[in-house]
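First to last, the sequence lines map onto chains A and B.
Residue numbers are given in the working numbering: position 178 of the first sequence equals residue 178, and the series is strictly consecutive.
Residue numbers are given in the working numbering: position 146 of the second sequence equals residue 146, and the series is strictly consecutive.
Since the hints were made in silico from the structure, they are not lab data.
The beta carbon of each residue, even a glycine, is placed where N, CA and C say it ideally should be.
Just so you know, not all the hints are guaranteed correct.
[Stated by the list, open to error] Pair by pair, the computed Cβ-Cβ distance ranges are:
#1 Ala2(A) x Leu51(B): 30 to 40 Å
#2 Asp85(A) x Leu51(B): 36 to 46 Å
#3 Ala177(A) x Tyr177(B): 58 to 68 Å
#4 Lys178(A) x Glu78(B): 33 to 43 Å
#5 Ala76(A) x Gly160(B): 17 to 27 Å
#6 Lys178(A) x Leu263(B): 44 to 54 Å
#7 Gln46(B) x Ser156(A): 23 to 33 Å
#8 Asp85(A) x Glu78(B): 23 to 33 Å
[Said to hold, decoys possible] Here are the simulated lysine-lysine pairs, DSS-like style, with alpha carbons at most 30 Å apart:
#9 Lys106(A) x Lys55(B)
#10 Lys173(A) x Lys55(B)
#11 Lys108(B) x Lys223(B)
#12 Lys223(B) x Lys106(A)
#13 Lys43(B) x Lys55(B)
#14 Lys24(A) x Lys55(B)
#15 Lys115(A) x Lys64(B)
[Stated by the list, open to error] Looking from chain A toward chain B, a few residues come up when the C-beta cut is under 10 Å (computed):
#16 Met1
#17 Thr40
#18 Pro62
#19 Val66
#20 Tyr95
#21 Ser183
#22 Gly184
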Amino acid sequence: MARMKFLCDADRCIECNACVTACKNEHEVPWGINRRRVVTINDGKPGERSISMACMHCTDAPCAAVCPVNCFYTTADAVVLHSKDLCIGCGYCFYACPFGAPQYPKVGNFGSRGKMDKCTFCAGGPEADNSKEEYEKYGANRLAEGKLPLCAEMCSTKSLLAGDGDVIAQIYKERVAKRGYGSGAWGWQTAYRENIAT
Amino acid sequence: MAKIFAHMRLIAGALALAFVVATAWPAAAQQPSMVNPTADAVKEQQLLDQLHIIKGLGTIPDTKSYVLEHPAGREWREYRTVTLLWIGGIAILGILALLTIFYLWKGKMRIKAGRSGRTILRFNVLERFVHWLTAVTFVILGITGLNITFGRSLLLPWMGPQAFSEWSEWGKFAHNYISFAFTAGVVLMFFMWVARNLPTRADVEWFKAGGGMFGGEEPPAHKFNGGEKLIFWLSMLGGVAVAVTGYVLLFPFYGTNITTMELAQVVHSTVAVLYVAAMFVHIYMGTIGVEGAFEAMGDGNVDVNWAKERHLLWYEEKMQETGASAGQAMRPAE
Numbered sequence: 001m002a003r004m005k006f007l008c009d010a011d012r013c014i015e016c017n018a019c020v021t022a023c024k025n026e027h028e029v030p031w032g033i034n035r036r037r038v039v040t041i042n043d044g045k046p047g048e049r050s051i052s053m054a055c056m057h058c059t060d061a062p063c064a065a066v067c068p069v070n071c072f073y074t075t076a077d078a079v080v081l082h083s084k085d086l087c088i089g090c091g092y093c094f095y096a097c098p099f100g101a102p103q104y105p106k107v108g109n110f111g112s113r114g115k116m117d118k119c120t121f122c123a124g125g126p127e128a129d130n131s132k133e134e135y136e137k138y139g140a141n142r143l144a145e146g147k148l149p150l151c152a153e154m155c156s157t158k159s160l161l162a163g164d165g166d167v168i169a170q171i172y173k174e175r176v177a178k179r180g181y182g183s184g185a186w187g188w189q190t191a192y193r194e195n196i197a198t
Numbered sequence: 001m002a003k004i005f006a007h008m009r010l011i012a013g014a015l016a017l018a019f020v021v022a023t024a025w026p027a028a029a030q031q032p033s034m035v036n037p038t039a040d041a042v043k044e045q046q047l048l049d050q051l052h053i054i055k056g057l058g059t060i061p062d063t064k065s066y067v068l069e070h071p072a073g074r075e076w077r078e079y080r081t082v083t084l085l086w087i088g089g090i091a092i093l094g095i096l097a098l099l100t101i102f103y104l105w106k107g108k109m110r111i112k113a114g115r116s117g118r119t120i121l122r123f124n125v126l127e128r129f130v131h132w133l134t135a136v137t138f139v140i141l142g143i144t145g146l147n148i149t150f151g152r153s154l155l156l157p158w159m160g161p162q163a164f165s166e167w168s169e170w171g172k173f174a175h176n177y178i179s180f181a182f183t184a185g186v187v188l189m190f191f192m193w194v195a196r197n198l199p200t201r202a203d204v205e206w207f208k209a210g211g212g213m214f215g216g217e218e219p220p221a222h223k224f225n226g227g228e229k230l231i232f233w234l235s236m237l238g239g240v241a242v243a244v245t246g247y248v249l250l251f252p253f254y255g256t257n258i259t260t261m262e263l264a265q266v267v268h269s270t271v272a273v274l275y276v277a278a279m280f281v282h283i284y285m286g287t288i289g290v291e292g293a294f295e296a297m298g299d300g301n302v303d304v305n306w307a308k309e310r311h312l313l314w315y316e317e318k319m320q321e322t323g324a325s326a327g328q329a330m331r332p333a334e
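Excised from the complex, chain B in its bound form (with noise of 0.2 Å):
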């Protein structure tokens, strides 16, 4: 009996040994020919296709080098070398051509009653130091601003390209330091004038009549027409918008990345060229558009017939406000 139980303890370990083996060895003469390692490896144009940008990890310190592909930025130089330059000179050239036809058409905006020879005080000393302030500082933001954008093609040919890049760099530290200023200048401006450039009945009928600038009277104005309101708001919107975008430039990588970095480059360069056409309109009416409209930022006296004209509202409230005293003084003799 102890016998019988012996040989079949030794058939049922054959067949279990046999089950297994049998079962073990298809998977075993499988494995070399079932590995593909590419069948489950990152493939380059599917996650382009996904994420349009290849992050990975890497071991240097340095850790936007861990970007291995962003091809993106083909659209940044699409906009910067093409849609940049149309659109900067299409503003800039158009602004300038409109000017010149404007003045060539309608001239000067004589005082139509002559000057009286008496002057008041339009723009006082803080008033005007940051206006030019401002002024001297955005004049050399814009040409170095334009420099960077237009250089290459207008400049670069006819100053070589040693002279040209010294100049470019200069112009880049210039744009660098200077933008302080600027923002300082439009940071104080917004304060001091802010609330005489809000929106009033008075400018809409400014509008509505033009100015005056196409023939029939210029509708009454406070110290601020309602152009000149216009103006103000350009310059703060665009000082605003460009500031900002220049320090997200101005400090790269500081919680920016590229593409941030990129959309930031197209704003500011936008609104730049468009800021600096804007501001073309605004340098003829204070010049060569409007008689006696630059002493006003010159000395800060204005002639009292061209305040009539322009800015009746304002002053009335001057001659109110300045009263019986300063009234008498500027009473003729008798």
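For reference, chain A alone in the conformation it holds in the complex (with noise of 0.2 Å):
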């Protein structure tokens, strides 16, 4: 099986928010949720990069580390999956995750937290692959028809990757190899305590 990252060639990265859109309209994502976004660090200065971001996958993930309830999965891909009718929507795994993650809609009274929301790498949920039940909860489950996420497929640039990471790491140090430059995968040391060598 493989273990499915996450990389953002910041140097390709043009911050169109195509990855953004496709996400949300794939998923049918609710207004004030957003699985996936992009930064821009240094934004009008010289040396500026955009980053897509959102749930990297984490190896020995935090979110799953705290959660209250134990409701996080990490599926045979390696992808971080968690169930929403465990989840009691307490905020821990926002507090854990680097990378922001978590999203919550907001429900009832107060700042009170709804089931929480995230990035699947476009891998559903605990439910039966690509029943409608996973979709309403989780959105559509590409990796079950044999697909990658749909942002990194859509990415105008080619900026996004998703897959296997020895494969992404493999594409992204050819990369650097050619063009003689490369800012390196962003969030990986945190998110899988190891970088790549270029």
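Using the hints, put the two standalone chains together into the complex.
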């Protein structure tokens, strides 16, 4: 089985937000929730870089470790998923997540959180693959159809790569070798405790 | 003459052109190989080393999503999954063990003179209401809070994921809503009892004698003895700490960010487990620890002999206060 990862090549990202739009559309993500977003660092200054960020599907995921009801699980493809039936909306995974991935619909009084929602690597949830229930709770399950996450598939500059970690690392290495520079695989050290040697 | 000038103009022009071309050429030749787009680009590791957090700008309205990376969550994770369990486990089990040892060693603190059969009012209806409002909400908040910390390892294995999630979700709602009643209880209790809980010389004597708990006489005390005052102030400090940090957590991102919320959670849970441990002492003293103590918060009346032995100064004060009429009524019929 593959070890699925995301890699955003910041030297290619042009901040077009197509990944954000593709994700929202593919999974019918409700208002106020963004499973993926693009963050621009040093906006308007020399050396500006944009990075598309979502759940990185960490090795030894912090969200899973701190969850009081143990609603997270890791698939055979190393995708970190959770059960919305078990989630109680406590917000702990948001405190622990280094990437700000967990999102909560606002329900009820004060800052009351509903069931957590996050990027599923287009792999749905615990329900039967591509069932109606799965789609309503987690969105499309493209992995079960043999497809990769739509954000990366739609990326206009092929900046965002999604797939087996070794394969996308190899693609990135070749790019860096050919063009002679690369600002690194953002988030990899934090998420996977390893980096791509270029 | 004019011809020579024309020639000179031509030569000067050619020289000038040659100069411009000669100086411009090397720069043009160097351009492609000189540009390295990453030379001044932001570097992830550098940003993390400098700021421990990477922030930028985004295009969606959710401004908290502009934080790209925040690896400090790892330290919070360590606290939540390891440190807190040790603090809570040691504090709560330690106190329970000490109380058990104390009970087996000293047993119940009896009313030495036995019950007189006559009672006096120690806590009126308002005092008892405020006490039980705070107490009942405290127990619910304590159980639902401990469930968030210890439930996954203690309850989940035998309750099963569905039942445990269901119970935890109700627990979360209870914790959120009941917190308001608890806060009201703490505030009312403060105004109701603060005057009688200011430290006095009698408390020093009381603590010096160990409250009579380890042999010897219990020094005379006012309405609240040194130990009770300690419990009062611990409850007030603990109550304020958990209430403030709790409301910070209940209203996420209202003037807070992820770091302050992590900090609030650390303070909230640490104070809470210590608070629970301290309240076990209070519950012990108010129930099986001291004979005749529970009645004070039960129907509000305590035995006169209990009052004389435990709160002599308060008893005398009460007798003076109620004056001749009450005093006469209490005199045995001849």
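Going through the hints against the structure:
no.	hint	result
1	Ala2(A) x Leu51(B): 30 to 40 Å	holds (34 Å)
2	Asp85(A) x Leu51(B): 36 to 46 Å	holds (38 Å)
3	Ala177(A) x Tyr177(B): 58 to 68 Å	holds (59 Å)
4	Lys178(A) x Glu78(B): 33 to 43 Å	holds (41 Å)
5	Ala76(A) x Gly160(B): 17 to 27 Å	holds (24 Å)
6	Lys178(A) x Leu263(B): 44 to 54 Å	holds (46 Å)
7	Gln46(B) x Ser156(A): 23 to 33 Å	holds (28 Å)
8	Asp85(A) x Glu78(B): 23 to 33 Å	holds (29 Å)
9	Lys106(A) x Lys55(B)	holds (24 Å)
10	Lys173(A) x Lys55(B)	holds (26 Å)
11	Lys108(B) x Lys223(B)	holds (21 Å)
12	Lys223(B) x Lys106(A)	violated (48 Å)
13	Lys43(B) x Lys55(B)	holds (13 Å)
14	Lys24(A) x Lys55(B)	holds (23 Å)
15	Lys115(A) x Lys64(B)	holds (19 Å)
16	Met1	violated (25 Å)
17	Thr40	holds (5 Å)
18	Pro62	holds (5 Å)
19	Val66	holds (5 Å)
20	Tyr95	holds (5 Å)
21	Ser183	holds (5 Å)
22	Gly184	holds (6 Å)
When each numbered hint is compared with the structure, violations occur for hints 12, 16.
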